[in-house]
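Build out the structure end to end from the sequences listed, making use of the hints.
Protein chains in written order, with this note's numbering: chain H, 140 to 309; chain R, 329 to 374.
It cannot be assumed that every hint is accurate.
[Claimed, not checked] EDC-like cross-link-like pairs, simulated, lysine to aspartate or glutamate; straight-line CA separation at most 16 Å:
{"no.": "1", "chain 1": "H", "residue 1": "K303", "chain 2": "H", "residue 2": "E242"}
{"no.": "2", "chain 1": "R", "residue 1": "K348", "chain 2": "H", "residue 2": "D147"}
{"no.": "3", "chain 1": "R", "residue 1": "K357", "chain 2": "H", "residue 2": "D189"}
{"no.": "4", "chain 1": "R", "residue 1": "K345", "chain 2": "H", "residue 2": "E253"}
[Said to hold, decoys possible] Covered by chain R, per the in silico footprint, the following chain H stretches (three or more residues, Cβ under 8 Å):
{"no.": "5", "region": "147-160"}
{"no.": "6", "region": "167-181"}
{"no.": "7", "region": "185-198"}
{"no.": "8", "region": "244-258"}
Read the hints as simulated data drawn from the structure, not as lab findings. Ideal placement from N, C-alpha and C gives every residue a C-beta, glycine not left out.
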Amino acid sequence: MAINEPSDSLPLADVFRAANELVAAGLIEDWALGGALAAIYYVEPFTTYDADIFFISKDKGLTAGVPAISSHLQSQGWQVEREHLLVRGFPVQFLAAGGLAEEAVREAERIDYEGVPAKVFRAEHIVAIAASVGRAKDKARIEQLLRQADLDKTYLENVLQRHKLKLPKI
Amino acid sequence: MKPEMRQKLAREPFAEKIRKVAQLIRLAKTFPRRAARQISGHPSGK
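Written out as structure tokens, the structure is:
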């Protein structure tokens, strides 16, 4: 199936393969899945409409190499729709990671997804990032992760302390 | 849904959960109002 043909399933393996190619092409240093799909790695599935790929850029300029990433993926058949790049009609956002998110990329869990090596944010980092953002849905995500994921409480406390974060009252 | 059932879903392999997300997206597109009710209370989105 061509990369721009819409798919009924989520083309996550294609997303991970493309992210690995960006590393191989020297456009990014490292990457990991974050956001809602990373949370789903640890909790029950729920509806989400895009994938968030956090990357550590090699380009330390203002654009963090996003234009080069975009043109590389477009040359592979990806399409552009506002802030998203689309693979088989599925929106993917490439987000330059700094601070806590960069730490989350570096310490992400290595997984194998349908034969493709990938990295997913640790549950503790998802909780910490949600605590730093603080919207209602972030609070709900924290609650769900605390209930359903096997969190390493010591690791979480350490991350929260180093980034001066506190869990919201649930 | 009972907490035990939710916990069971949370323990499923990632690929299986991703298949279920795709089903939920299809359901949301076909029956937007029903899907909205079904997922209310879930931290969907980014």
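Now for the hints, and whether the structure bears them out:
1. K303(H) to E242(H): Roughly 14 Å separates the two Cα atoms, so the pair holds.
2. K348(R) to D147(H): holds, 11 Å
3. K357(R) to D189(H): It holds: about 14 Å lies between the C-alpha atoms, which stays within 16 Å.
4. K345(R) to E253(H): Holds, because 13 Å separates the two Cα atoms, which is no more than 16 Å.
5. 147-160: holds (count 4)
6. 167-181: holds (count 7)
7. 185-198: Holds, because 6 residues of the region 185-198 of chain H bring their Cβ atoms closer than 8 Å to Cβ atoms of chain R.
8. 244-258: As far as the region 244-258 of chain H goes, the hint holds, because 3 residues have Cβ atoms under 8 Å from chain R.
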